[in-house]
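A.B. asks: If you read the sequences in order, they're chains C and B.
Numbers in my numbering are just positions in the first sequence, counted from 1, shifted up by 589.
Numbers in my numbering are just positions in the second sequence, counted from 1, shifted up by 91.
A portion of the hints provided could be inaccurate.
[Claimed, not checked] In silico negatives: residues of chain C with every beta carbon more than 12 Å from chain B:
#  : residue
1  : Cys602
2  : Thr606
3  : Gln618
4  : Ser643
5  : Leu657
6  : Asn659
7  : Ala661
8  : Thr667
9  : Thr671
10 : Asp677
[As the list claims (entries may be wrong)] Between beta-carbon pairs, the in silico distance windows are:
#  : chain 1 : residue 1 : chain 2 : residue 2 : range
11 : C       : Lys630    : B       : Asn148    : 23 to 31 Å
12 : B       : Ala183    : C       : Ala591    : 17 to 25 Å
13 : C       : Gly605    : B       : Gln107    : 45 to 53 Å
14 : C       : Ser632    : B       : Asp158    : 21 to 29 Å
15 : B       : Pro201    : C       : Ser594    : 30 to 38 Å
16 : C       : Leu615    : B       : Ser114    : 33 to 41 Å
17 : B       : Lys94     : C       : Asn640    : 21 to 29 Å
18 : C       : Asn659    : B       : Arg136    : 24 to 32 Å
[To be verified] Within a straight-line C-alpha distance of at most 27 Å, the following computed BS3-like cross-link-like pairs (lysine-lysine) qualify:
#  : chain 1 : residue 1 : chain 2 : residue 2
19 : C       : Lys653    : B       : Lys94
20 : B       : Lys196    : C       : Lys630
21 : C       : Lys630    : B       : Lys94
Keep in mind that the hints were calculated from the coordinates and are not lab data.
All C-beta atoms, glycine included, are put in the ideal place defined by N, C-alpha and C.
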Amino acid sequence: GAVVSQHPSWVICKSGTSVKIECRSLDFQATTMFWYRQFPKQSLMLMATSNEGSKATYEQGVEKDKFLINHASLTLSTLTVTSAHPEDSSFYICSARDISFAYEQYFGPGTRLTVT
Amino acid sequence: LAKTTQPISMDSYEGQEVNITCSHNNIATNDYITWYQQFPSQGPRFIIQGYKTKVTNEVASLFIPADRKSSTLSLPRVSLSDTAVYYCLVGAVSNYQLIWGAGTKLIIKP
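Given only the sequences and the hints, what does the whole structure look like? Please build it.
C.D. replies: Below you can see the structure in the form of structure tokens.
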């Protein structure tokens, strides 16, 4: 149980285009989902916290207009990277918090974004 | 949110027990201690979580002294596939926004 999926697993896009990444909790309901970014050989950096039915809370320094987050249901959150640039190339990881087991976060497999 | 300090890297050999210690001097009363494992280009995987004393599951043990200012992840009889980065995090259950430190890169040699 407690599986989180991400789609796509990797994506290449041209500079200036937008990319949407989906995060799904497959067998549990997640009131809260988190989006992280990880650059090569670095640790995870929290970008935003997404609560179902409300606006996401962004960490300092993360542009909310560039990284659009939607958490429309208890099993789906999406991250849209708008007007992507090469510096947005990174590994994006989501995690979901099970409302039944509040102590744990379950992580998705990540999405590798490359902007050319 | 408490900050954690871990060794940047560690080496060991197959079949050995590996202990990774994490320092979290400013841990709060409501904070739990959680360890994750991450392989390259994969999302982190939950290993173990604890609040105090000792917790054991099928893959690891977690030792937490009474003052809770540190914790030790113990991996029994490691194998090559345990080569990964291990992260120690502390966070409150009610909030559970996690701050990720640099982690410990564990390399297991044959």
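A.B. asks: Are there hints from earlier that the structure breaks, and if so, what are their numbers?
C.D. replies: none
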